[in-house]
Every structure is written in structure tokens, then in C-alpha cells.
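Residue numbers (the numbering used here), protein chains in the order written: chain A, 1356 to 1751; chain B, 1356 to 1751.
FYI, nobody ran anything at the bench for these hints, they're computed from the structure. There's no promise every hint is true.
Since the list gives no way to pick one copy over another, a pair counts as held whenever it fits inside one copy or between any two copies.
[To be verified] Simulated crosslink set (BS3-like; lysine-lysine; CA at most 25 Å straight-line):
{"hint": "1", "residue 1": "K1359", "residue 2": "K1555"}
{"hint": "2", "residue 1": "K1655", "residue 2": "K1415"}
{"hint": "3", "residue 1": "K1453", "residue 2": "K1360"}
{"hint": "4", "residue 1": "K1520", "residue 2": "K1359"}
2 protein chains.
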Amino acid sequence: MISKKMQQQIKDGTVIRAMFQEGKAMAKEFGAENVYDFSLGNPMTPVPAEFNQAVIDAVKTETSLELHGYMDNAGYPETRQAVAEDLNRRFGTEFEGKHIVMTVGAAGALNVVFKTLLDPGDEVLAFAPYFGEYRGYVANHQGILREVQPDTETFQPDLADFEAKITESTKAVIINNPVNPTGVIYSAETIRKMADILRKKQEAYGKEIYLVSDEPYRELAYDGNEVPFLTKYYDNTFVTYSFSKSLSIPGERIGYIAACPKMADCSQAVSGLSVANRILGFVNAPSLMQKALVASMGAKTDVGYYDRNRQLIYGSLTELGFTCAKPQGAFYLWIKSPDAEEKKFVEAAKKYHLLLVGGTTFSCPGYVRLAYCVSYEMIQRSLPAFEKLAKEYHLA
Amino acid sequence: MISKKMQQQIKDGTVIRAMFQEGKAMAKEFGAENVYDFSLGNPMTPVPAEFNQAVIDAVKTETSLELHGYMDNAGYPETRQAVAEDLNRRFGTEFEGKHIVMTVGAAGALNVVFKTLLDPGDEVLAFAPYFGEYRGYVANHQGILREVQPDTETFQPDLADFEAKITESTKAVIINNPVNPTGVIYSAETIRKMADILRKKQEAYGKEIYLVSDEPYRELAYDGNEVPFLTKYYDNTFVTYSFSKSLSIPGERIGYIAACPKMADCSQAVSGLSVANRILGFVNAPSLMQKALVASMGAKTDVGYYDRNRQLIYGSLTELGFTCAKPQGAFYLWIKSPDAEEKKFVEAAKKYHLLLVGGTTFSCPGYVRLAYCVSYEMIQRSLPAFEKLAKEYHLA
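For reference, chain A alone in the conformation it holds in the complex (with noise of 0.2 Å):
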């Protein structure tokens, strides 16, 4: 038998996995056009045309060593000063190739990060509704997850919670900025907030308490909103990202940490990052893929499109009659179940053939998720589907 954690890990994962295989028997019974799978936040905009160039241009004019060899675990020289680069142009910020590792994407970049900081028994605070799988990311590295309630007025950060839950066994904060599943932007006031509180338990407790930022979204941002950068707010900071939504490229597995420069003992805890990249079993970032963002940084996917269909669905859905949280990045919109029980409102939903995600998976009870990283169309079509629900719930 396999290990008893994995096994209840395998349950755990059944709810999204059936809801998968029930989208598939829907198309295969209704036409894959009559189901409106809005539970994936799979990008689908095309690849920026100049990086698949340069995918092809490395190929065909690296040589084989340098092209797909190994490399320092933390990348290329080049990538890792190509990223630096792009963050001081964009941030003003001043990081230094040494400052930035390049990794497996945000995923591997978060586990890398957790694996580096965390000692068994130490603490991780999430601020809720949050991405589920940090709840395995913490746990990989034996830290405990612990949960900041939700702020079910604003979405923003309860920072009275937030205060209230940082004890001497907390060793990092992981925020999600724009945030997956609320389409939130956490604003400057509020990290500006966060940080003076981290601040002042740091010196309370006499400890590092470290800020880690999942940024895959961060591209996402719609009506002029900003997202701040978190190392011009607080030093113990690693900014962690994936190429995957801004590129579209989510199955090719890059990213990065940036480790804040002023962070406490940054050379150790890079070289902590490097080593976790290795033991981890990543061991470094596809060679491939980093060889081809040197040629194309700063090339970008539409992310108009992303745009066009938030305001389609969001229009839509408040119009119908749904309570949802206005969105300001990422592809996901963040509705109230107008049942008092999440689930049964997942279930009626499909009776329409709408498939969304509850919000238990985000411990965040009572609201469901949408995806519209999805064609402008599907959305078109889902409309009447959702207005029966509409009905069904007798919204105004």
C-alpha cells in the first residue's frame, strides 16, 4: 500500500477531479458545446508569436551543451540578469542576477521557498479564500497552515485577524496578489498595513517573519488597478512567479524567486534556495524555456482578452441578479451562493450545465468560483444558463 498520507491526499483531491471527469461525460452527452466549464483556470490566449521564435532560435543556433546542459541550480546567468533587469525597469526596484532563482514555475517556486524557510512545526498564515494547494505546499515541508478569516466585505486582508494570529511559531505569510479565487488586487494601503504589522511582531518576537508573494497573476489587472510590488514595502520578502499566465506557456513549467536584497541574510537564504531547488528534485528550470525568455523578455500574451470576458460575465451576472466581488485582476470571478449551502448551488448549476468550484475548496464557505480564462463565446452561450439559475434562485 501506498503511504496513509498520500492515500487521504488522493481522497482530498476527488472533489475537482469528478467534477473533471463529469464535465467530460456532460460534453460527451450534451455536445461540447452546450457545457460551460468555467472550474479551470487553464490560460488559453495564444502564445506571444516572439517567444515561440525564440524557442526556435536557441534550438537552432546553441549548442547542445549549452542549450539543454546542466547549469548553477539556480539558472543561467543571463536569465537570472534578464529577470533582474525587468523587475528594476518596471519596479524600480534593485536586484542583481544574484538576487533572482530560477525555478519549476510558481508551484516549484513556493515548495522551494517553504522548503528553505520552514522547520518542522512552524507556522504559514494564508489569508482565506486562498489557492487550496498551499495547504500541501506547507504541509510538504511539515509547516502548518494556519488561516486568516476572510473579509467578506472588501476581500482585502482582515488585518485585525491577521494581527491577532501572529504568534512566536510564525515563520512566513504567503499573500496572492491579484488574488486566485477573488479577482482581488490586495491595494498598496493594505500591504502598507500588513507590513508594519509584520514589522512590529519581527521586533516583538525577536524573529524573521518572512512575506512570500504567489505573483502568476500579476500581468492580470484590469480598469488602470496596480498591484504593489512587496519588496518596496517589506524587506524578509521572496516574490515568487510563473511565466504561465503571461506568456500562456503553463505547461512548460518557469518561474522565479526574487529574494528581496535587503532581506536578512539574503546570500544564505539564496543559497538555501538553490540547494531546495536540488533536493527538491527540480534541480533546475527547463533550459529551453530560460534560454528563450532571455530573447523575449517582456513579451506578453492579451491579456485585453482576459479583460473583454470580465466585463462580458460580470456585467452579465450582477445584472441577473448575482452578488459577486468586483474583479480587478486575475480570470476569476468570485459570486455569493444564493443558497445558503455552497454545494447545492454547484449542484443546480449543473443541472445548466454550468460547472463552477465552491468555495470550501478555498476555505471560504458560501461563494462559488469562475473561471473565464475561457473563449468570449462559451461565455455568449452560458448566458442563458445562467439566467434560468437566476430564476431558479428567484434573484431580482
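Based on these hints, arrange chain B on the given structure of chain A.
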């Protein structure tokens, strides 16, 4: 401060990094052509042209979503199928795509297997000398690595000590064939006896004990030696593989796990592997590489290159009076230290600009490892230095 565990791991990693830095410093002082770095196992033969062409073709012909998007955590169905068919064709096995999980290299594969199998305190046996990274891979998942003592006559596993060390806490046994660092191939005879012992112990303890085979060097076998395919000998077997060596693409991080169809609860085990791939932050093996593999399955770099190196270095060093295990596979030569203290021998070699790795790293003091995945010309240039080293130790 980062975690105490990681601070220790950074210290533990210092020896090899120090050697790497020392090599660079020596190259600067004496000229790169006068420094003979045999310390790293970095493949250096060219990538097969058909593989690079398959990469370019995939980028030019596939849609973004299909080429760079998310797929099932276990990999693309066509890639899993292609691996299964390739194994069946070569080894007469009966894999289907559903028994294969694509991974981020063999290091990723091993971590995924251990995450799936181990509960805290479970023991994993490894045969000394072994690849030192296994210690970290097992510890990542709270397992305990126990060593089986080396048989310094043959460097085949010491099966008596193996049998004695299996306890009711034993969950898995890791073998690496051909072996890094000795270059020896465990014979079919050895594997058959090992499997008999395991079956006996499974029955005695009324539990499964898994064999985990790490096979990145499978294709590097010389003199007509065959590498036994383990699922034919023992049912509870996971074979982990990397294309790093056969295609010379270690930087790309692409490999797989093949779960023996006859293992206990195979379908649950594969579900576990898939969940582990996701939770550990790999999510999936890099997508473009998976696509390129389908079109170029069976492509192979020039392994004859390593064979030529092997003959030169083994022939020359034994002639100079060094005692070496006869290398049958991989690209390593295992040399008995003529100094009672291997560290002193490593230091003596450095005087002649020869960089070798001490056997203590592989839990087998008194030996050193030489990696001959270097240019033939470098080996030729290094021979006078070895001659001086042999003279210093008054070898025959």
C-alpha cells in the same frame, strides 16, 4: 533566518561546491586546458538532430494551448503511450499508457515516488556506494535512509547484509543500475536473488516492500552487458528514468515513472504519483519536451563516445597501477584510493590539477569517483598528470 535543516544542508553541500569553485580558480590560474575536471556527471555528447528537429516541428505545428498548456498531471496521453510502447518493444513488458507518469527528470521522479510511498519513519534501503542525493530525497518525505554495506570485491549488492537490514519498517529499496558511482551493472543473477529476498520478507512481515529503480544510465552499457529490467523480476517495482543521458538533455528535466502493472493496487499507486507530481510543485513534466519525445522516441546520443573514453581511462589508469572497478556502464570510473585516507588522495590529485570526488560522498570511504563524460582529448592531456600521481604513491 532560514530553517535549521536548510542551514545544515547548505553546509553539507559545501564540499562539492568548493571543488567547483576551486576548479574555476585553477582554470583561471593555469589555463582551462591544463585543469582536468573529472568531478561532474554532465553529459556532453551532442543532442540527436532528430530530437531538436522534433522540438522545432512541435513549435511550428501545434497550437499554443495544445503545446504549452496544462495537461493531466501524469502527462500527455500520447507521450505516456509512446513510452509504454517503447518499453514493451525493447523489454517485452506489458505497459499501457496508464502505467506511465511523465516527470521532471529522474530526480523529480524519485521524489514523486517517495512522496507517494512514505509515511514518517518509513525506511528506505540503499546499497553503498550510492548517489548521495538519495539521502535528501528520502529525508524530504520524512523517510529514513538505511545503508547496506558495500561489497568491495565485486561492488554488486551485499545481499546477506541486505537481508539482515530489512525490518518491518522497510517500505522501499532503491537501486541505481548501472551504478553511479561505480560504473558496475547489477546482474540478472543479483536481481533475481534480491527479488527472492524481498518476496520472502513481504510475506514474513505481511506488507508490501517496493523496489525503486533509478535508471538514467540504462542506455550506457558497454561490452554487450545487459541491464536487467526490474518489473520482469519483481512486481512491486517503480522504474524511474530520465532522458538526460540518452538524449544529452539534462537541463530540460524530462523523465518518467513506469509502475509495474502487477504491483499491489497499481491504479491507486499511479493516482498517488499523479497527486504527488502536483502537490510537490512539479505539476507536470515540461510540455514541449513531452511533445518532442513522441516524435523522436528511440533517438539516442552517441554512447560510443563514452565507451571510447572508458577504454582509454580504464586502460591507462590500471596500467599506471591504480586499482579500479571494471566499468560496465554509466560514465564513471571507481578508483581505490592508494592512500588510507581518501581525502589526502583527492588533495594529492589536485596538485596535478586532477579533480576527483571522494567516496565518502557516496557512503563508501577509501575510493574516489572519476566522471569520464568529458572530451577524449582532455583524458589524453590528463594522462601525464595521472602518471605523476601514480609515482607519488609508488604504484607499480
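Tell me the numbers of any earlier hints that the structure contravenes, in ascending order. none
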